[in-house]
Amino acid sequence: MSKEPVAVVGIGQTRHVAARKDVSIAGLVREAALRALEDAQLTWADIDAVVIGKAPDFFEGVMMPELYLADALGAVGKPMLRVHTAGSVGGSTALVAANLIAARVHGTVLTLAFEKQSESNAMWGLSLPVPFQQPLLAGAGGFFAPHVRAYIRRTGAPDTIGSLVAYKDRRNALKNPYAHLHEHDLTLEKVQASPMLWDPVRYSETCPSSDGACAMVLTGRAGADRAPHPPAWVHGGAMRSEPTLFAGKDAVSPRAGRDCAADVYRQAGITDPRREIDVVEMYVPFSWYEPMWLENLGFAEEGGGWKLTESGVTELDGDLPVNPSGGVLSTNPIGASGMLRFAEAALQVRGQAGEHQVAGARRALGHAYGGGSQFFAMWLVGAEPPAT
Amino acid sequence: MREVAIVAFGQSDHVPDSAAVSEVEMLMPVLNDVLGQAALKAGEIDFVCSGSSDYLAGRAFSFTMALDGVGAWPPVSESHVEMDGAWALYEAWVKLLTGEADTALVYSYGKSSPGDLREVLTRQLDPYYMAPLWPDSVALAALQAQALFDAGAADERALAGVAARSRTDAAANPHAQLRGEHPMGEHVVAPLRRGDCPPIGDGAAAVILAAGDTARGLCDRPAWIRGIDHRIEAHALGVRDLTDSPSTRLAAERAGAFERPVDTAELHAPFTSQEIVLRRALRLGDEVTINPSGGALAANPMMAAGLIRLGEAAARIQRGESRRALAHATSGPCLQQNLVAVLEGE
Chain A
1 MSKEPVAVVG IGQTRHVAAR KDVSIAGLVR EAALRALEDA QLTWADIDAV VIGKAPDFFE
61 GVMMPELYLA DALGAVGKPM LRVHTAGSVG GSTALVAANL IAARVHGTVL TLAFEKQSES
121 NAMWGLSLPV PFQQPLLAGA GGFFAPHVRA YIRRTGAPDT IGSLVAYKDR RNALKNPYAH
181 LHEHDLTLEK VQASPMLWDP VRYSETCPSS DGACAMVLTG RAGADRAPHP PAWVHGGAMR
241 SEPTLFAGKD AVSPRAGRDC AADVYRQAGI TDPRREIDVV EMYVPFSWYE PMWLENLGFA
301 EEGGGWKLTE SGVTELDGDL PVNPSGGVLS TNPIGASGML RFAEAALQVR GQAGEHQVAG
361 ARRALGHAYG GGSQFFAMWL VGAEPPAT
Chain B
1001 MREVAIVAFG QSDHVPDSAA VSEVEMLMPV LNDVLGQAAL KAGEIDFVCS GSSDYLAGRA
1061 FSFTMALDGV GAWPPVSESH VEMDGAWALY EAWVKLLTGE ADTALVYSYG KSSPGDLREV
1121 LTRQLDPYYM APLWPDSVAL AALQAQALFD AGAADERALA GVAARSRTDA AANPHAQLRG
1181 EHPMGEHVVA PLRRGDCPPI GDGAAAVILA AGDTARGLCD RPAWIRGIDH RIEAHALGVR
1241 DLTDSPSTRL AAERAGAFER PVDTAELHAP FTSQEIVLRR ALRLGDEVTI NPSGGALAAN
1301 PMMAAGLIRL GEAAARIQRG ESRRALAHAT SGPCLQQNLV AVLEGE
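In order, the protein sequences belong to chains A and B.
Residue numbers in the first sequence follow the numbering used here, run continuously in steps of one, and reach 388 at the last position.
Residue numbers in the second sequence follow the numbering used here, run continuously in steps of one, and reach 1346 at the last position.
The shape of chain B in the complex, shown without the other chains:
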C-alpha cells in the first residue's frame, strides 16, 4: 500500500461569532497558510476534497462559494463530502492510494453562529421518530453521560477533571476558543454542566496530504498515516450501548492502533463524558497524552473539529513531540460515526 502523509496543517482562530467575514473569507487565510507551508500553489495540487454542511450555511450548494475561493481555474479534480473534513481527508487518502494523485488539499469549515446550533442539529435525527421531538444535542449527550454514571464508569468529578485538563492545555493553543480555567457552572441538561459542553463557534481547517517521496520533498518530517478507518453505528439510541463506542474500537483495530501503543491521542469528544467513553473504547491509559491541543472542549467548529484532531496529531509529530499518535473524529448524535487514524514519524 502506498505511503501517504500529512505534510501541512492550518486552522483559523475559532470564535463565537464570525459575522464580519463570509465562509470563504474565514477559509482563505487557512488555505494560504497550508499552501505556504508546503510551498505549493493551488493549481499544483492534484486533488481537492472538502467537507461542510448546507444546513449550517443555510443555503443549498454552499460549498461552491468555498471552491470559488480555492481558485479552481484551470479546472481541478475535486470532490466534497457533507461530513466533517476528517472524512474528506479519508476520501483524499483513497485517491492518493490509487496513484491517480500525489498531493491533495483537504479543507473544511463551519459557521454555527448564524443559527441555534442545538436546534439545527435536531434536524440530523430520524425524521419520522426522533426529529419531531426536537431532542437537542446537549440533551442527547446528557443521556449518554447519565448512562455512564449509572454504569459506574464516571461521575461529575471525573467529568470536571476532563474539562479542567482540556482548557488548561488549551491555554497554549492560540487558535482555541476557550483557553485557561473555566468554571463548570450550572447544569445545562443534567448531569452535564456548562463546563462539560463544547463552545459553539465558527472555524476552518486545512491539511495537505502527499504520497511517498513527494511528501518527503514537501516537508522535513511528514506525519505518515499508518492506518485510517471509519465505522458507523445504528442511529436509534435505544439499540446502542451509549457507554461504549464499538465503532471507534473497530475503526482503531482496522487502523492498526492496537498493534503498538500510542503516546498521544487527539480525540474528537465534544462533551467531557464522551472522552471517557472513547478512552474506554480505545483502552487508552494514563500514560497517553490526551488532547494536548485542548480538544473539542476548547474549540468545536462544526465540520472542522474532526479534521483538526488529525491536523493537531500530525503537527505534534512534525514538531517531534510525538512518535506515534492516534487521531479520532466523530459525527452524529452520541458518537454515532467514528474515524480513527494512526500517525507516525519516519
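Next up, chain A with everything else stripped away, as it sits in the complex:
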C-alpha cells in the first residue's frame, strides 16, 4: 500500500518580535494556528490531531507546556503530540505530522512550533552548567564559532563572506512583514564594523532572540482537492541524528546532514539539487552557515559554498535564492525557526511569499538543524503532486 501524498494547505505565522508582551504563550500559538486555519479555510472542528514542537522547556519555564496549551489549540478530545529534537524541532514536528497523514492515521493535522524567548534568557538557557560543558561556551555562538573557523581554514574563504550573508538576509527580511528585524539603515560596512561576539561571528552576523510561532495545516489528496489555495506537496522528508562529539566527527560538514539530504533527494527523485531546486530556506543562525550548508546539502562541491555566496547566486534575484524570507538571521524563535523554514519553502511553491517571492519557484527545500550540528530535518516541497 502506497503512502498518502501530503499537502500543505494552510500556513500561518505570528509577527515575530523580541518580546510579545501583548500575548500570553497561549495567545501566541493561537495567533499562528488561526492564521493557518484561515488560510486553509478550515475550522478547529476540521482538525483531527495536533502536533506541537518547541525547543527546551526552560526557555519559557513551563514543563511540557502542550498540556496547558491543549485548550488554546483546540486539541481537547483529540490526539496531541509534543516533539523536541533541539533546534531542528520545527522541522521534525512538521515531519511527524506529515507521517500521520502519509500513514492515513488522520485526514487533517494541525502542526505548530513556537518559542517565547522573552520569558527567559535563551543564551544562558543554552549554556549548560559544569560538569556538562566547559564554562566558556556561552550560548550557541560559542559552540559554533570554532566550527566556522575550521571551515574558513579548510576552504580558504575570504573573511568577508559571513558579512555578505548577513547583509543579504537582513535585506531580504525587509520584504517579509513577519520578520523580527527590519534594519532599514543597515549597510555592508555596518555589518563588517559591528562588534565581534565569537570570532569570526560578529553581532550583525548573529540571529536575534525572538518570540514567535508558526503553524501549518497538512492533509491528504482529498483535503487538497477542497483547499481554496494551491497546496504545496511534500515530495520528500527525512530526519538524521548523530552523536554530539566523537573522534572523527566532521563538525563543519556533518555526515548526518549529508545523509538526510541524500534521503530527501532520493525520495523526491532529485539528482542535481543545484539545478532542480529553485529556492532554499536553510537554518543559518550564524552567517557562515550559509556556505557551510550549501556544501553539506550538495549545492556546491566541497570548498565551493562560499563562491556561490560571493558571486550572488544566493541573492533573492540569484540563480539559487537562499533564505528569501530573511531566515534565522532575521527571525529566531528557536523552536519555531525550523518550521518557519519548512513553511517558507511551502509558501514559495504556492506562490504566496509576497514581496520575497522567487519568481517561478516550483521546488523548494526546507532545512533545519540543531544540537551540536547533529540533528537534521528537511523536506522538499513542490507545486505539483508527487508522482505515485
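Simulated from the structure, these hints should not be mistaken for laboratory data.
Check before you lean on any hint, since a few could be wrong.
Derived lysine-lysine pairs resembling DSBU-like cross-links, with alpha carbons at most 35 Å apart [unchecked claim]:
id, chain 1, residue 1, chain 2, residue 2
1, A, K307, A, K175
2, A, K190, A, K307
3, A, K249, B, K1041
4, A, K3, B, K1041
5, A, K249, A, K307
6, A, K175, A, K190
Since chain A is already given, all that's left is putting chain B on it; use the hints.
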C-alpha cells in the same frame, strides 16, 4: 493497515535514588537487553524514538546524552518526544505504518531523585493561573480522589484494596521499587495516604517494534498492536469531571478496545484512586486481571512508566499469559492525557 508488534521489552530496576549512575548509564543495560532479545545491533534498527524530560534532568537537550549512548553512528533516523515513552512508541508505530521503516527502537527514562518531584511537577501547570499557586501533584490527585468519594464511587477501603493488590503482585516483579505488603500510613494529602501514592524513583525502559514478517522473524510470539490511540483533555481542572476519564474512553474506542473483551489491563494509574477512575472509564470488570506487574504503585519512573505498561502487557502476551491485553499510559495532572493500546498474540 500494516501490522506492527512489540517484539522485545526491557526495563531497569527502579530505585529511589540512582545517583551512582548517569542517565545514559542507567539506560545502556536496558538498550543492550532489548537489542539482545531481538538479536539486533543498534545500527540495524531503521528508526529510533525516545521520550524524556529536560525538567527532570535539569538541563536543556538532555536527550542528546542518551543518543550518544545509543551509538548513533553512522547517523540514524531518529526523533524525540518530550513525553512519556508511550508516545515515543506511538510516533514509531506511525513511522512503521508509512512503510519507511520495518523496525524501531523506543526508549525512555527519568530520574526524579535529583529534585523534589512534587515541586517540579507544579511547573507543568498553567503558568499564569495555576503554577503560581504551586499546587503539587499529590494535592491535585487528592482533589480527584475526594471527588470520587463525594460521588460515592470509592472510599478509603477501596483505595487500600488497590494498593494492597498492586504491591502484593509486585512481589513477583524483580524490577519493582515497592514489593510486597506496604502499610497505608498517614494521610499525605487527605484523603490520600502514603500507600495510595506511587513511589518516587528513577528508571528506564525500552521496546523494539517491528512490522509484519520482520516481527515474526525477530520473536516467537510478537505482541501485535491491534489498535493504539491517544487523546487529551482540557488543562483547567475546574472544567473537567475528575471522576471520569473521557479521553481514556475515547482513545480505547479508537483503539478497538471495546470490540472484544480483554483479559488483562496494564493501567498507568500513579494513584490508587486513578485506577478506579480508569476502570470505570474502560468498563473493566472483575474478570480482567489489572496490573499484574504491580503497576505504577510499585514503580513509577517519570517518562518511562507509561511505556512500561505497554511493555508489561506485551511481555505477558509473549509469555502466553494473556491473549488480548489493554495497555494505558497517562500524562499531566489528574489523568489529563491518555493513551490506550490493544495488544494480542498471533
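A quick look at each hint next to the structure:
1. A/K307 x A/K175: With a Cα-Cα distance of about 25 Å, the restraint between A/K307 and A/K175 holds, given a limit of 35 Å.
2. A/K190 x A/K307: holds (22 Å)
3. A/K249 x B/K1041: holds (21 Å)
4. A/K3 x B/K1041: With Cα atoms ~28 Å apart, A/K3 and B/K1041 stay inside 35 Å; holds.
5. A/K249 x A/K307: holds (25 Å)
6. A/K175 x A/K190: holds (20 Å)
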